[in-house]
Amino acid sequence: MEFTLKTLIFYGFALLTVASGIVVVTVRNIVHAAFSLMVTLFGVAGLYVFLQADFLAATQVIVYVGGILVLILFGVMMTSGRLEMRIHIERGQLLLGAVVAIALLMLLLAVIANTPQWKNVADDGTQLQPTTESIGTLILNGQFLLPFEVVSVLLLVALIGAALISRKEVRE
Amino acid sequence: MPDILSQGFFAQDSAGGNWAEEFVRNVIIPRLPEEAAAHFPVEFGMVLVMLGCAGLFAAVVPLLPLVLVLAERKVAARFQNRTGPMRVGPWGLLQTLADGVKLLFKEDYIPPQGDKLLFLLAPYVIFACSFAVFAAIPFGQNILVSNFNIGIFYIMAISSVIVMGVIMAGWSSNSKWSLLGSLRSAAQIVSYEIPLGLSILTVVMLVESLSMEAIVANQSGGISDWLIFRTPFTFFAFFIFFISSIAEVNRTPFDLPEAESEIVAGFHTEYSGMRFALFFIAEYANMFAVSAIAVTLFLGGWEGILPELAVFGGGFDILGGLPGFVMKTMGLVFLMMWLRWTLPRLRVDQLMNLCWKYFIPIAFFNILGTGIWGLIFPEDTPLSTGISIAIISIGLVQAYVFVGRSLGQKSQAQPSSA
Numbered sequence: 001m002e003f004t005l006k007t008l009i010f011y012g013f014a015l016l017t018v019a020s021g022i023v024v025v026t027v028r029n030i031v032h033a034a035f036s037l038m039v040t041l042f043g044v045a046g047l048y049v050f051l052q053a054d055f056l057a058a059t060q061v062i063v064y065v066g067g068i069l070v071l072i073l074f075g076v077m078m079t080s081g082r083l084e085m086r087i088h089i090e091r092g093q094l095l096l097g098a099v100v101a102i103a104l105l106m107l108l109l110a111v112i113a114n115t116p117q118w119k120n121v122a123d124d125g126t127q128l129q130p131t132t133e134s135i136g137t138l139i140l141n142g143q144f145l146l147p148f149e150v151v152s153v154l155l156l157v158a159l160i161g162a163a164l165i166s167r168k169e170v171r172e
Numbered sequence: 001m002p003d004i005l006s007q008g009f010f011a012q013d014s015a016g017g018n019w020a021e022e023f024v025r026n027v028i029i030p031r032l033p034e035e036a037a038a039h040f041p042v043e044f045g046m047v048l049v050m051l052g053c054a055g056l057f058a059a060v061v062p063l064l065p066l067v068l069v070l071a072e073r074k075v076a077a078r079f080q081n082r083t084g085p086m087r088v089g090p091w092g093l094l095q096t097l098a099d100g101v102k103l104l105f106k107e108d109y110i111p112p113q114g115d116k117l118l119f120l121l122a123p124y125v126i127f128a129c130s131f132a133v134f135a136a137i138p139f140g141q142n143i144l145v146s147n148f149n150i151g152i153f154y155i156m157a158i159s160s161v162i163v164m165g166v167i168m169a170g171w172s173s174n175s176k177w178s179l180l181g182s183l184r185s186a187a188q189i190v191s192y193e194i195p196l197g198l199s200i201l202t203v204v205m206l207v208e209s210l211s212m213e214a215i216v217a218n219q220s221g222g223i224s225d226w227l228i229f230r231t232p233f234t235f236f237a238f239f240i241f242f243i244s245s246i247a248e249v250n251r252t253p254f255d256l257p258e259a260e261s262e263i264v265a266g267f268h269t270e271y272s273g274m275r276f277a278l279f280f281i282a283e284y285a286n287m288f289a290v291s292a293i294a295v296t297l298f299l300g301g302w303e304g305i306l307p308e309l310a311v312f313g314g315g316f317d318i319l320g321g322l323p324g325f326v327m328k329t330m331g332l333v334f335l336m337m338w339l340r341w342t343l344p345r346l347r348v349d350q351l352m353n354l355c356w357k358y359f360i361p362i363a364f365f366n367i368l369g370t371g372i373w374g375l376i377f378p379e380d381t382p383l384s385t386g387i388s389i390a391i392i393s394i395g396l397v398q399a400y401v402f403v404g405r406s407l408g409q410k411s412q413a414q415p416s417s418a
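Protein sequences, first through last, are from chains A and B.
The opening residue of the first sequence carries number 1 in the working numbering; numbering runs sequentially from there.
The opening residue of the second sequence carries number 1 in the working numbering; numbering runs sequentially from there.
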């Protein structure tokens with residue numbers, strides 16, 4: 001493989017993702033783990049850019065870093081005021097985690113092996129194309145309309161549930 | 001597989017190649033001796049050019065807060081019938097510079113009980129994200145760092161990371177004021193991102209592109225082509241966008257995260273010296289950035305008020321509309337300062353009510369309305385603009401009458417209650 005600047009930046013992102021991922025699972029302080037996860041998610045967004053999925057990269061940052069990670073940190077900070085938050089791992093959990101991780105790895109390897117060709121949604125083979133428009137067309141033109149609507153109903157239900165739980169008084 | 005680097009990291013809308021590569025090939029190589037030119041590593045040169053530009057950018061942009069801080073103090077002074085800083089330099093023009101130098105020499109205090117690593121890291125996260133936003137803002141014709149095809153979406157993504165820096169700063173300080181401030185700030189930013197995003201969506205629906213360049217190009221026909229006047233819905237969307245951005249950058253009347261009377265200085269209570277200055281610079285840079293984005297999305301970007309005439313923009317070939325853009329942006333920045341010195345601070349519940357019960361439903365209504373408008377007027381014609389401006393004017397008059405009447409009733413009711 002030709003060694004270009006692109007390769008260098010790619011390996012930079014890969015290293016960033018893997019290293020911070022290792023920090024997430026090994027560090028004892030839960031808040032450090034959460035902030036390290038931020039770097040991991042950023043790294044993954046960078047890898048998406050290399051896969052020519054620009055829209056997905058920005059979505060990754062906006063949803064995971066700006067939304068989910070903030071919620072995780074909120075949860076951590078609201079439940080414990082202490083600066084030193086330690087994670088205790090039981091041996092049983094470790095075993096269970098290993099089983100799940102290996103199963104996931106197998107699944108991913110199977111998917112990678114069985115995909116004949118990786119292709120950008122909008123790729124016409126000659127030039128890099130923006131993906132936003134084709135993603136929108138695919139979702140709203142019927143091919144993925146049903147999953148899209150199901151997800152939106154799911155989110156609505158979650159929203160109503162959250163509003164119900166956070167109400168001060170619940171009517172009998 | 002297409003080479004990503006030769007086209008920039010993101011797919012671009014315009015057919016142009018990489019500007020750094022063009023610069024190296026057309027400007028640097030012809031000036032070199034022939035032997036050196038033949039072996040010149042183009043890619044390495046590109047990196048140097050890019051780094052040079054980034055360095056220039058990083059040196060110029062912090063000058064912006066330098067101007068804005070002084071402007072804010074002068075504006076505040078006018079509002080309170082004072083003169084503001086007058087001692088350092090003519091009319092106090094060098095005051096901010098002096099303050100900056102003072103901050104450089106201050107003690108760099110790190111709370112011994114806090115989390116040192118995150119405490120040191122937090123200002124850089126906020127600073128880096130604030131400045132990364134500038135990469136996608138078109139300051140003028142061809143004056144932009146990169147024409148991402150997902151421009152505005154990239155800006156939203158990067159600015160949503162600022163929350164992480166705020167939480168980092170608040171938590172690692174190990175101070176109750178900092179933690180309270182950062183939680184408030186995070187709740188506020190996460191909430192107001194929704195109406196912000198939804199009002200951006202109305203613009204994206206009309207332009208049919210996320211690229212900032214395309215959004216500006218869509219408004220090239222003078223003031224009546226600006227997206228704010230294009231439909232009645234974008235008119236409302238502009239106000240929702242602008243007010244939500246004020247909440248995003250934590251300014252009065254939404255400055256609960258820094259409410260001095262309640263939580264000292266919020267998330268940056270424990271910071272001192274240059275680290276505090278970084279927060280300060282980032283805050284003013286953010287203020288300029290959100291104004292610039294509002295101008296780009298709704299007020300025509302660097303395009304002029306009159307079509308094809310060299311009043312603002314258009315004819316300034318060298319500056320590419322930069323003067324007009326800066327003037328419009330500074331106008332919005334002044335509006336923010338005006339609001340700061342006019343309005344009192346909101347309460348937390350009022351803040352959340354405003355966002356969830358008013359802005360978000362109105363923003364959804366705007367999206368629906370823009371969609372229907374797009375179906376009725378698929379092409380932007382003088383007729384549709386005329387109808388839109390008529391509706392906006394009627395709406396404004398109605399609002400004025402309504403507000404006037406309700407104020408009148410209040411002032412009549414007051415004597416009897418007192």
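These are calculated hints, taken from the structure and not from any lab test.
Among these hints, one or two may not hold up.
Which stretches of chain A does chain B cover? Using the computed rule of at least three CB atoms under 8 Å from a CB of chain B, they are [what the hints assert, rightly or not]: (1) 32-41; (2) 150-163.
One side of the interface only, derived from the structure: several residues of chain B facing chain A at Cβ under 8 Å [to be verified]: (3) Leu120; (4) Val163; (5) Leu407.
Pulled a few chain A residues facing chain B out of the computed Cβ check, cut under 7 Å [to be verified]: (6) Leu8; (7) Ala53; (8) Phe55.
Heads up, the beta-carbon is just placed ideally off N, CA and C, and yes, glycines get one too.
Hints that the structure is at odds with (numbers, increasing): Of the numbered hints given earlier, those the structure breaks are 2, 3, 5, 6 and 7, listed in rising order.
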